[in-house]
Amino acid sequence: MFKKAKLGIILLLISALLTACAGTADTNVPLTPEETESNETENVSEEPELSEEEKAQLELQKRIAEREELEKQRKERLGEFYVPLVPIGKEEEKKSVEVRALYVTGHTAGNSLNKENIDAYGAYVRAIIENDTEKARELFDKAEQANKFERIIGIALATEINGLVINVKDDNGFITYNSDVEIVQKMNEATPIPIKDIENMVKVLKEYDLYLIGRIVAFKDKNFAVLSPEHSIQLKTGGIWLDPNSGNIPWVNPFDQYVWDYNIAIAKEASLLGFDEMQFDYVRFPDGAKTYNPITEFPGREGRDKDEAIADFLEYAKNELEPYNVNLSADVFGIVTRTWDDYPEDIGQTWILMGKHVDNLAPMVYPSHYSTGWYNLENPNAHPYLVVKGAMEEAIEKNSSMKNPPIIRPWIQDFDWAGITYGPDKVREQILAAKELGIFEYMVWNPSNVYDPRAFVPTEKEVSTVFPLDKGELDYREKSPADAAEKYLTGMAQKRYSYMYLMTPVDDRVDDFDEFVELQEKNNIKLLSSKVHGYEMDGKDRANVSLSYKIEVENGDTTEIIEKDVVWESVREGNIWKIRAEF
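So for the sequence shown, my numbering puts the first residue at 1; every next one is plus one.
Since the hints were derived computationally from the structure, they do not count as laboratory data. Please read all numbers here as calculations on a predicted model, not as lab measurements. Some hints could be false.
Restricting the straight-line Cα-Cα distance to at most 27 Å, the calculated cross-link-like pairs of lysine-lysine (DSSO-like) are [what the hints assert, rightly or not]:
1. K94 - K403
2. K90 - K148
3. K90 - K196
4. K206 - K90
5. K196 - K142
6. K403 - K356
7. K479 - K495
8. K148 - K196
9. K356 - K94
10. K142 - K115
11. K206 - K94
12. K479 - K403
13. K522 - K479
14. K564 - K531
15. K479 - K550
16. K206 - K72
17. K148 - K135
18. K564 - K526
19. K148 - K72
20. K206 - K142
21. K236 - K206
22. K522 - K495
23. K90 - K75
24. K135 - K461
25. K203 - K94
26. K90 - K203
27. K94 - K75
28. K72 - K115
29. K403 - K531
Derived CB-CB ranges, DEER-like [claimed, not checked]:
30. P424 - N147: 15 to 25 Å
31. I88 - K318: 20 to 30 Å
32. N178 - N319: 23 to 33 Å
33. L519 - I129: 55 to 65 Å
34. Q257 - N544: 48 to 58 Å
35. K471 - I420: 21 to 31 Å
36. E478 - F333: 22 to 32 Å
37. V450 - E189: 27 to 37 Å
38. V86 - E582: 47 to 57 Å
C-beta atoms are modelled at their ideal positions from N, C-alpha and C, and glycine is treated no differently.
Throw the hints in and build the complete structure from the sequences for me.
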């Protein structure tokens, strides 16, 4: 009995052992993908999926950490010129506005702002414009309480004005607000600050939807030049040069990158404060170059021409300001609309070089600044319409020679000069002259900041007129396709390469003017005579010009005289007729 029981136990143990071995063998059989996935799902606990808000928060934290690291690097690189970037989440797109702006000094902008006074003055101006005498009388006492700055804003409320040009760094080089930039603080420790609360000023102006341009006087900076004479224009005999045309003050050196960084730091900070555009004025060398060139030197010049230095500065400024999403503009002498290659002024201002690096170019076409003979006028100051018309025609022609031209926004005159009073009619004449040519932007210069609002209201005739005016077969310079051919041929005969450059379609020639000149001088064709016979239109913007020419062609040691009657194609480009010359 015991033996049988013992045998049974042994058999049970053997059976259990075999079962265990069979189970072990089963674990070595590969699982199917479905079984694997099922097991993993059963064995691994699920992680909760992040909400879109949580994902955005993580991304923001990542961006903030990256920005902190970037700012550390920038602070180390820029040193005393350091200005932080636009805070994350406060980035804005560049504004695109047809700007009509009034000039405001720092002292005017330093006035307090009361919105009740602004609104009352705006309503008063509107009543005056609408000839509502009773309403104007009711508002008079309240309107009289408005200070100069409040009145300027009120004018914008009631007229076509939609922007202000406010001094950020003035004509003496003084900053107009409390800066947080180390180098700017250092240079303005003793400077009285007229705009005490620039943040509030910008806030109020933005509430009135005004486009804000910060004016920075770049290289005529007496303050900086006196405090840092090593960065000024130097005399070859030692010491710094003083400008006899500006009250014997020193200028900073436009070739000096230290000076560049100073001005650009101010522009960056003003951008952070809310300005929509930074405008460099006096972005040039002093005039009177023939007198000072022989006795001065410019450290950092490195063989560059003056207009190269100004173009290089603007290009550098454009790149540095790019992260701030702010527009960039530059003021130029009025005569730069006509002159070429910085000749004869030699002040560093060449339209096609500067225009490559700015959003807006602002010729200062004040009629009072033109001498006898300009635009065939004995006294240009007495003819504001004709002066602005002539200057804008030239500016349009310059722009037509560029692949990516700047917006033309002229400075116009609103101040009396040499016995001639500039009331609202004369100011409006200048606006109208530009408007007829399709230039709808302008800035008004009145150094006292006292403006007559009637100048900024279109007349009934203007309202009923379509602008720009239709010139028919003529271009905006009132020239025909035949005139374009004549100008090109004149340039060829007289080696006035600027004429040839301007009259050649942009895509038919090299962009660089110096390279264009080299190619022309290597040309083996000499124009002996030519005659333009006429033209026939071939659509709205094309024409065929018939002409004859006589040329001398050099072929090695021999020359050949060729006379031909030909037809050249003319195309209207940038509202200017161009010619496709073929020999």
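Verification of the hints:
A distance of roughly 21 Å separates the Cα atoms of K94 and K403; the hinted pair therefore holds under the 27 Å criterion. Between the alpha carbons of K90 and K148 the distance comes to roughly 32 Å, so the proposed pair goes past 27 Å and is violated. As the CA atoms of K90 and K196 are separated by approximately 24 Å, the hinted pair is consistent with the 27 Å bound. Annotation: proposed proximity of K206 to K90 holds, straight-line Cα distance about 15 Å (limit 27 Å).
The straight-line distance between the Cα atoms of K196 and K142 is roughly 25 Å, inside the 27 Å bound, and the hint therefore holds. Between the alpha carbons of K403 and K356 the distance comes to roughly 9 Å, so the proposed pair stays at or under 27 Å and holds. With a C-alpha separation of about 21 Å, the suggested pairing of K479 with K495 holds against the 27 Å cut-off. Only pairs whose Cα atoms come within 27 Å are accepted, and K148 paired with K196 is accepted, the gap being roughly 16 Å.
Distance hint between K356 and K94 is fulfilled; the C-alpha atoms sit about 18 Å from each other, no more than 27 Å. Only pairs whose Cα atoms come within 27 Å are accepted, and K142 paired with K115 is accepted, the gap being roughly 12 Å. Restraint check for K206 and K94: satisfied, since their Cα atoms lie roughly 15 Å apart, inside the 27 Å limit. Pair hint K479 plus K403 holds up; C-alpha atoms about 21 Å apart against a cutoff of 27 Å.
This hinted pair does not check out: K522 and K479 have alpha carbons roughly 30 Å apart, beyond 27 Å. As the CA atoms of K564 and K531 are separated by approximately 11 Å, the hinted pair is consistent with the 27 Å bound. Annotation: proposed proximity of K479 to K550 holds, straight-line Cα distance about 24 Å (limit 27 Å). Note on K206 and K72: the hinted pairing is violated, with a Cα-Cα distance of about 32 Å set against a maximum of 27 Å.
Only pairs whose Cα atoms come within 27 Å are accepted, and K148 paired with K135 is accepted, the gap being roughly 22 Å. Proposed proximity of K564 and K526 is supported: the alpha carbons are some 14 Å apart, at most 27 Å. Among the hinted pairs, K148 with K72 is inconsistent with the structure: their alpha-carbon atoms are about 43 Å apart, more than 27 Å. Between the alpha carbons of K206 and K142 the distance comes to roughly 23 Å, so the proposed pair stays at or under 27 Å and holds.
For the given pair, K236 sits about 49 Å from K206 by alpha-carbon distance, which is inconsistent with the 27 Å threshold. Taken as a hint, the K522 and K495 pair is honoured in the structure, with Cα atoms around 12 Å apart against an allowance of 27 Å. For a cut-off of 27 Å, the pair hint linking K90 to K75 stands: about 20 Å separates their Cα positions. Between K135 and K461 the CA atoms are separated by roughly 26 Å; this keeps the pair inside 27 Å, and the hint holds.
At roughly 18 Å between alpha-carbon atoms, K203 and K94 fall within 27 Å of each other, so this suggested pair holds. Using a Cα cut-off of 27 Å, the hinted pair K90 and K203 holds, with the two alpha carbons roughly 15 Å apart. A C-alpha spacing of about 25 Å is found between K94 and K75, which places the hinted pair at or below 27 Å, so the restraint holds. With a CA separation close to 41 Å, the supplied pair K72 and K115 exceeds the 27 Å bound.
Taking the CA atoms of K403 and K531, the gap is about 31 Å. The hint is violated against a cut of 27 Å. A hinted range of 15 to 25 Å for the beta carbons of P424 and N147 is consistent with their spacing of about 22 Å. With their beta carbons about 23 Å apart, I88 and K318 fall inside the hinted range of 20 to 30 Å. A beta carbon spacing of about 27 Å between N178 and N319 agrees with the range 23 to 33 Å that was offered as a hint.
Between L519 and I129 the CB atoms are about 56 Å apart, so this pair conforms to the stated range of 55 to 65 Å. Range check, Q257 to N544: Cβ separation about 52 Å, and the 48 to 58 Å hint holds. Distance hint for K471 and I420: a CB-CB separation of about 30 Å, consistent with the stated range 21 to 31 Å. The hinted range of 22 to 32 Å is satisfied by E478 and F333, whose Cβ atoms lie roughly 24 Å apart.
Between V450 and E189 the beta carbon distance is about 32 Å. The supplied range of 27 to 37 Å therefore holds. The hinted window of 47 to 57 Å between V86 and E582 holds, with their beta carbons roughly 52 Å apart.
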